[in-house]
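Student: Here is what each chain is made of, one letter per residue.
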Amino acid sequence: MRHKGTVFESGDNWAILLMPGGEFKKVKTKGRLHIGQMYAPVVRAAYRPVVAAAVLIITLALSVNFLTVAAWARLSPGVELGVNSWGRVVSIKIQGGLGQNLTVGMPMWGKRVEEVLPGLLERTMQQIGNAQQENIVIKVEAQGKYWPRGQSGLAHINQSLHKYNEDNSQGRLVNQDDPQSWLWQKYNQPAGEDGQEQSDESKKTGNNEQGTGKEKPKTDNQPGAENEKGGHNTNNNNSGVNSMHDNDNSNNNSTINGNDDKNNNPGNTDSSEKQSPSSSHGNNDNNGNGSSSNNDSNGSGNNGNNSDNNGNGSKHANKSQPSEKERQKNRD
Amino acid sequence: MTAADNSQWSSVIEEQWKRYSEGQEDALEELPKLMDFSLRVASKTCGCFIHRDDEEAGIAQLALWEAVQKYVPHKGSLLLYIGKVVRNRLIDFKRKQTAQRRFLSGEFYPRIHETDLDYQIETIIDDMARSQEIERLSNELQPMGIVFKELPEYSPRQAKTRKEALTAAKRIAEDRELLEFLNGKKMLPLILLETRYGINRKLLDRYRKFIITTALIISGDYNCLKVYLTLEEGRRGSEA
Chain A
0 MRHKGTVFES
10 GDNWAILLMP
20 GGEFKKVKTK
30 GRLHIGQMYA
40 PVVRAAYRPV
50 VAAAVLIITL
60 ALSVNFLTVA
70 AWARLSPGVE
80 LGVNSWGRVV
90 SIKIQGGLGQ
100 NLTVGMPMWG
110 KRVEEVLPGL
120 LERTMQQIGN
130 AQQENIVIKV
140 EAQGKYWPRG
150 QSGLAHINQS
160 LHKYNEDNSQ
170 GRLVNQDDPQ
180 SWLWQKYNQP
190 AGEDGQEQSD
200 ESKKTGNNEQ
210 GTGKEKPKTD
220 NQPGAENEKG
230 GHNTNNNNSG
240 VNSMHDNDNS
250 NNNSTINGND
260 DKNNNPGNTD
270 SSEKQSPSSS
280 HGNNDNNGNG
290 SSSNNDSNGS
300 GNNGNNSDNN
310 GNGSKHANKS
320 QPSEKERQKN
330 RD
Chain B
0 MTAADNSQWS
10 SVIEEQWKRY
20 SEGQEDALEE
30 LPKLMDFSLR
40 VASKTCGCFI
50 HRDDEEAGIA
60 QLALWEAVQK
70 YVPHKGSLLL
80 YIGKVVRNRL
90 IDFKRKQTAQ
100 RRFLSGEFYP
110 RIHETDLDYQ
120 IETIIDDMAR
130 SQEIERLSNE
140 LQPMGIVFKE
150 LPEYSPRQAK
160 TRKEALTAAK
170 RIAEDRELLE
180 FLNGKKMLPL
190 ILLETRYGIN
200 RKLLDRYRKF
210 IITTALIISG
220 DYNCLKVYLT
230 LEEGRRGSEA
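Residue numbers (numbering that gives the first Met the number 0), protein chains in the order written: chain A, 0 to 331; chain B, 0 to 239.
Derived by calculation from the structure, the hints in this document are not laboratory data.
In silico DSS-like cross-links for lysine-lysine, where the CA-CA straight-line distance does not exceed 27 Å:
(1) Lys208(B) - Lys162(B)
(2) Lys3(A) - Lys32(B)
(3) Lys148(B) - Lys24(A)
(4) Lys162(A) - Lys110(A)
All chains, please: the whole structure from these sequences, using the hints.
Tutor: Pasting the structure below:
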């Protein structure tokens, strides 16, 4: 209940009241009041300062939380990124000229580490990789600082590294013995003439490999669907197409498919990475036995083609076979 | 002002009006009070403070004279009649003043119902009684160098302290010697209060103006204002 007081004196927006209990109060009013008039002053809600204080405290806490570095990502060229628990870059430390060159014109503060770190790695590859014609080694270290905040930041960094591995076709980040230490490695280049050819092809079709790798499920599914629909001719055609694709994959993506698999299973990756570069057939085996069921469905004939192709090292021969079969089938 | 005071003032005005209507033109001694009354009615009608210089104040004065001239005793109370006339004239004035739709629809100021008008007039009369008391108190405090503007500053905010200060004021009001000292010398009898009633000197010094004001209200003829000081006493009494 609002207590009414008597107006003793009033101005345009103020009044002096005698309140019940004998208290003289100066209050703000909306307009001028008459002397002697009863007036109930508007009591300011008691919770207002509490709410204001709470909002202030929350704002401060959030800002402190935002600015606190939860995890670090250290790149060997001399860039150290501090990431908060929300995955935002809040600290950038640069050491050396290379680090400065990497970060010039690249706004990083406050951005998501998933955006910053891959970009930074790309830049590093461009600047270091061209100068040194060998495998580029970039060490990325993510270090948790506080628990569980540090783990949250660490998770963001790891996520960004996984994303980088998925998107990048030239190399990958390998998790070393220390789970928080990542090593950038270019894809292995097999020794020998065959290996050189393969690597050349893989260089030429570097992007396409990735494309075929991604489109692989489509090509696998399409023939399958046709098989369900179609008759004999289509089956033959499909087998030819399948074999062609498989051959292409086996020739060109021998290492890449293997790598893709290994990216998904880092444990396997480590073991295959330690193998010699001449283990491309081994990768083929992994490819055939591992993820793609198409190789299994195609049967041994296709695998035989694969092996022949590997021996010949030519794609055209493989591609001509299905066309002849098609012609024959069409004649029939 | 109590209901009895209201009716008393009303009867005084009606008696004066009778003499005025009989031909004694200087019989309306309460005319300034009636002016204030009509201004209050104007304020209530317009929903804002009306200064004496405002156009509405002139309308209200004209309406007052009109009511005094046209009043017929058997139609009811004079004050009520004055209130109705002032209100109606102001509404007419506002309608003429502007042709805006919101005025015509009565959006700008709320219409006062007939039943409400009685209550409003009673309220206005009470307000006027209080304003007279406040004016008297202000005149009484002037020689002691106390103005109302200072009182919030020197008024104790803690309920406990306020209670102690009011007790001191009550002692002064009840003790004739202390009251004479206050009225004569226009200052607080600090030593007497301290020695006779054991009231803290610091309290007396700090809240001197508040204690003087409340002592004058309690001891004087301020029936409307006393309520604000005795009400607390009653509460305290019921608590005890």
